[in-house]
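The working numbering puts the first residue of the sequence shown at 1, with every later residue one more than the last.
It cannot be assumed that every hint is accurate.
FRET-style restraints, in silico, Cβ to Cβ [said to hold, decoys possible]: (1) His65 with Leu116: 30 to 38 Å; (2) Gln17 with Phe113: 28 to 36 Å; (3) Pro12 with Asp73: 33 to 41 Å; (4) Arg108 with Asn29: 19 to 27 Å; (5) Asn18 with Lys120: 34 to 42 Å.
Below, computed lysine-lysine pairings styled on BS3-like, alpha-carbon distance capped at 25 Å [what the hints assert, rightly or not]: (6) Lys74 with Lys32; (7) Lys120 with Lys74; (8) Lys57 with Lys120; (9) Lys74 with Lys99; (10) Lys97 with Lys123; (11) Lys123 with Lys74; (12) Lys74 with Lys58; (13) Lys43 with Lys57; (14) Lys43 with Lys58; (15) Lys57 with Lys13; (16) Lys132 with Lys26; (17) Lys58 with Lys13; (18) Lys74 with Lys34; (19) Lys97 with Lys34; (20) Lys13 with Lys74; (21) Lys74 with Lys43; (22) Lys97 with Lys58; (23) Lys99 with Lys58; (24) Lys57 with Lys99.
Keep in mind the hints are simulated off the structure, nothing from the lab. Positions of the beta carbon are idealized from the N, C-alpha and C atoms, including for glycine.
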Amino acid sequence: SFLSDTNLKGWPKHCIQNTWGSEFPKNLNITKIKAVFLKGQDKNFDSYSGFYDDSNKKKPTGLLHYLHSNSIDKVFVAGLALDFCVKETITDAHNLKFKSYLITDATRSISSFPELIILKLQKLGILTCLSKDILNNFNLL
1 SFLSDTNLKG WPKHCIQNTW GSEFPKNLNI TKIKAVFLKG QDKNFDSYSG FYDDSNKKKP
61 TGLLHYLHSN SIDKVFVAGL ALDFCVKETI TDAHNLKFKS YLITDATRSI SSFPELIILK
121 LQKLGILTCL SKDILNNFNL L
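All chains should be modelled from the sequences, with the hints used to inform the complete structure.
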């Protein structure tokens, strides 16, 4: 049943390790990917941020250490879903003092009002850009 296939917040199981849901899209060039950070490793905790594997922010994924050890000070975030994982990841990046960009045309929300979420993120000081801005403007990088 649906209920037996859900996690703590009632989400259907998704992006399960070693299944098609966790694979990169076939048409994505992955040759430049240097590291992958896993979250949701503990079935007892929902995990929305790419920085932490639990909602209490006590189990780091390794992303923060990787960014610091590689002197990275800008973070670009996109994906699904804006109202949960994307929002938590970019908010954590901002709170951890990274210059944080939300790539709005590469992000989708579950909510019918993504512009309200984006406005709240902008009020925090999070910047927005389009994917073409990154490709055409190396000053962002």
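Structure-based check of all given hints:
For His65 paired with Leu116, a C-beta distance near 33 Å keeps the hint of 30 to 38 Å intact. Look at Gln17 against Phe113: about 32 Å separates their beta carbons, and that is inside 28 to 36 Å. Between Pro12 and Asp73 the Cβ separation comes to about 36 Å, which falls inside the hinted range of 33 to 41 Å. With their beta carbons about 21 Å apart, Arg108 and Asn29 fall inside the hinted range of 19 to 27 Å.
Taking 34 to 42 Å as the suggested C-beta distance range, the pair Asn18 and Lys120 conforms, at roughly 35 Å. Distance hint between Lys74 and Lys32 is fulfilled; the C-alpha atoms sit about 17 Å from each other, no more than 25 Å. Distance restraint check for Lys120 and Lys74: the Cα-Cα separation of roughly 20 Å lies within the 25 Å cut-off, and the hinted pair is therefore satisfied. Using a Cα cut-off of 25 Å, the hinted pair Lys57 and Lys120 holds, with the two alpha carbons roughly 21 Å apart.
The hinted pair formed by Lys74 and Lys99 meets the criterion: a straight-line CA distance of about 5 Å does not exceed 25 Å. Only pairs whose Cα atoms come within 25 Å are accepted, and Lys97 paired with Lys123 is accepted, the gap being roughly 15 Å. Between Lys123 and Lys74 the CA atoms are separated by roughly 18 Å; this keeps the pair inside 25 Å, and the hint holds. In summary, the hint linking Lys74 to Lys58 is supported, as the alpha carbons are separated by about 23 Å, within the 25 Å threshold.
Annotation: proposed proximity of Lys43 to Lys57 holds, straight-line Cα distance about 15 Å (limit 25 Å). For the hint pairing Lys43 with Lys58, the CA-to-CA distance comes to about 15 Å; that is within 25 Å, so the pair holds. Distance hint between Lys57 and Lys13 is fulfilled; the C-alpha atoms sit about 22 Å from each other, no more than 25 Å. The hinted pair formed by Lys132 and Lys26 meets the criterion: a straight-line CA distance of about 21 Å does not exceed 25 Å.
Simply put, Lys58 and Lys13 have alpha-carbon atoms about 23 Å apart, close enough for the 25 Å limit, and the pair holds. In summary, the hint linking Lys74 to Lys34 is supported, as the alpha carbons are separated by about 16 Å, within the 25 Å threshold. Using a Cα cut-off of 25 Å, the hinted pair Lys97 and Lys34 holds, with the two alpha carbons roughly 22 Å apart. Annotation: proposed proximity of Lys13 to Lys74 is violated, straight-line Cα distance about 31 Å (limit 25 Å).
Proposed proximity of Lys74 and Lys43 is contradicted: the alpha carbons are some 31 Å apart, above 25 Å. About 18 Å separates the Cα atoms of Lys97 and Lys58, which keeps this hinted pair within 25 Å; it holds. At roughly 23 Å between alpha-carbon atoms, Lys99 and Lys58 fall within 25 Å of each other, so this suggested pair holds. At most 25 Å may separate the alpha-carbon atoms for a hinted pair to count; Lys57 and Lys99 meet this at roughly 20 Å.
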